[in-house]
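Quick mapping for you: the protein sequence lines, in order, are chains A and B. Numbered according to numbering that gives the first Met the number 0, the first sequence spans residues 0 to 385. Numbered according to numbering that gives the first Met the number 0, the second sequence spans residues 0 to 385.
Keep in mind that a hint or two might mislead.
No copy labels: a pair is met if it fits in one copy or bridges any two.
Said to hold, decoys possible - Straight-line alpha carbon distances no greater than 25 Å define the calculated SDA-like cross-link-like pairs of lysine to any residue that follow: (1) K193 to S54; (2) K20 to R249; (3) K311 to V60; (4) K193 to V55; (5) K117 to R17.
Derived from the structure by calculation, the hints contain no laboratory data.
2 protein chains.
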Amino acid sequence: MSTISDYRTYTLVSTVERVRKLSDSIEVTWADNRVSRFHNLWLRDNCPCSECNYSVTKEQVFQIADVPRNLQAETARPNPAGGLKLVWDDAHVSDFSPEWLRAHAYDDASLQERQARKAKTRPWLANLTLPIFQYDEIMSDDEALLAWLTHLRDVGLTQVQGVPQQAGSIKPLANRISFIRESNFGVLFDVRSKADADSNAYTSFNLPLHTDLPTRELQPGVQFLHCLLNDANGGNSSFVDGFSIAHALREEHAEAFELLTNVPVEFRNKSRTSDYRCVAPVIALNAMGEIAEVRMANFLRAPFEMPEAVMKPFYFAYRRFIELTRESHFQFSKRLEAGQMWAFDNRRVMHARDAFDPATGDRHFQGCYLDRDELLSRIYVLERSV
Amino acid sequence: MSTISDYRTYTLVSTVERVRKLSDSIEVTWADNRVSRFHNLWLRDNCPCSECNYSVTKEQVFQIADVPRNLQAETARPNPAGGLKLVWDDAHVSDFSPEWLRAHAYDDASLQERQARKAKTRPWLANLTLPIFQYDEIMSDDEALLAWLTHLRDVGLTQVQGVPQQAGSIKPLANRISFIRESNFGVLFDVRSKADADSNAYTSFNLPLHTDLPTRELQPGVQFLHCLLNDANGGNSSFVDGFSIAHALREEHAEAFELLTNVPVEFRNKSRTSDYRCVAPVIALNAMGEIAEVRMANFLRAPFEMPEAVMKPFYFAYRRFIELTRESHFQFSKRLEAGQMWAFDNRRVMHARDAFDPATGDRHFQGCYLDRDELLSRIYVLERSV
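Chain A with its partners taken away, still in its complex shape (with noise of 0.2 Å):
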């Protein structure tokens, strides 16, 4: 037997007790009494075997098409390392690990189990204790890297300290998580003040609370900001936890909720060479209804289009969530010095900048993006040899 399919490893939890065809599946009653159904096309389409998978990739060459849809089991039993073994009417045999299959279960309990051992964000305040990392020790140990990245992934804001203050050296730190994603604006982009600005980002102006790129279907989902020189008067950083001012919303207003839920805008960032759109709601949520991404950049808001009746409230909604984002009670604010980077979660986050005054200093930060999927990923991989 070969549980072929993944590089995880799974614990045992109990062992197949006793085993019951039923007309389209089969019913399954471990050691510690839990009963879990699993259906002949799933067992037979996650077959664990050497012919079902390539074992040099761990993916799968059977398709479930492949048979018919009333498959049956010939019989099917409890095997020697109390996990489940079926032979099929066809003759192919199907030998599960009593891990595998229990880590897979779907009966009710099962799916709960799995559910609340999720990650689970925290939403915070203007009182936020700033979970602050060191660049020696991120660079060199897999164990401090993985405390930032899951930081990064449930806060939503990290500061990183001792980075090297020449530019460019956001990039080897990226890359002990993963590759940059490239924008219009570049694999690393310098934020200054300069006169052919092709974004306010590049003007000594104040920025207010915004999400980078929401002119993207997907906005980047992580941000790196490194401070180089920040001698400028003012140019302070303030961060607000979106999901923080979502969820006051919701309380406050329903309807405004909704409506910043369901009703698309468009973001757009225009220059002569690039003319980027995106149509997408203002709060978005995932499959459960739980509060998933904020996207939010007034200065990159294209004129409203909705129906005449919807104008009016959508108004109030989006004029009130600016304004919560104003509020003092929410607002992380902290001026970054030299060697310091911010990473933050750019989909959750919203991030600010007060006006500076170029004529008395000079102020040059660095950032770049990653995606989400290249945190997420990063993070299995180093869960794997915890």
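Model the placement of chain B on the given structure of chain A, informed by the hints.
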């Protein structure tokens, strides 16, 4: 008066003839008798003046939360150009051109007009007339480039011929659109049979009809596959319009279609160094309920995890989807020769490869991804100068 909010130009459709102040909005009657209502907040929000917008970036500096919710116009009158001029009760002046105002009106007739002008996808079957383009023309002529890209957007499958038969040739071709989207398989990936494959794509197996990277939250919108060598027996390419499959399933089994749009499944890309997982439905609908995306690669699918009562009908739906993709009625098949390249919409068009025999000759394809955002941005910029 300056319309500094965009790089686009708008044509004169009609001029403002009469203006009426309502309690929260302005009613405009146009010379062609259309009546458009504009809310005070909408008008103030879209003020085109150089105080409200920064002329260099064409981005807004003003925020609608900066003015009271019940803002009123002191005066609202047609301007000499046939647009609309407003003086607000705080003395700010907003002056709109008739071209811009009409292009952004949101009365029902105007909304419907704009909806009808949007690009439409054209579903196809096995008898597709393949849109073919020439490398040299695309590289040198913006009109040829635009023709190719609009076919890629609307048909979803195109072929480019005369691509130099050297590795790396697709990079300058991709750069005619924008930058390439990197993945864990590289910036460019080499599709050939190798001993240490980390994907079934890098074997000589047949690959059933699939989309690439369904394991990422955002599947790449565009895929290039360039043939450098195709001397082995077997290895023909097939394509199916996933939107046609989804439409057919909806016609045939509405419940099965519902399940594939509502019940998310997990896709996994796993290797020694990465572990990508994405939970999403097989068929995604947009805000208007239209079929917007297909996500499918049987060999990258994780065990289904859903309530027991859903498992059996879901397997019916999943098997039926795959059975439909296998019908010759839907399949466009063609062998790619050296110097030819497929370019297709990877979120709509599923692709497959027959098994090939590496003992009979070499087969070497090179591929890369771009995102739909970059494709559409390029089209919008090219259309500015048409």
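Among all the numbered hints in the text so far, which are the ones the structure does not match? 2 and 5
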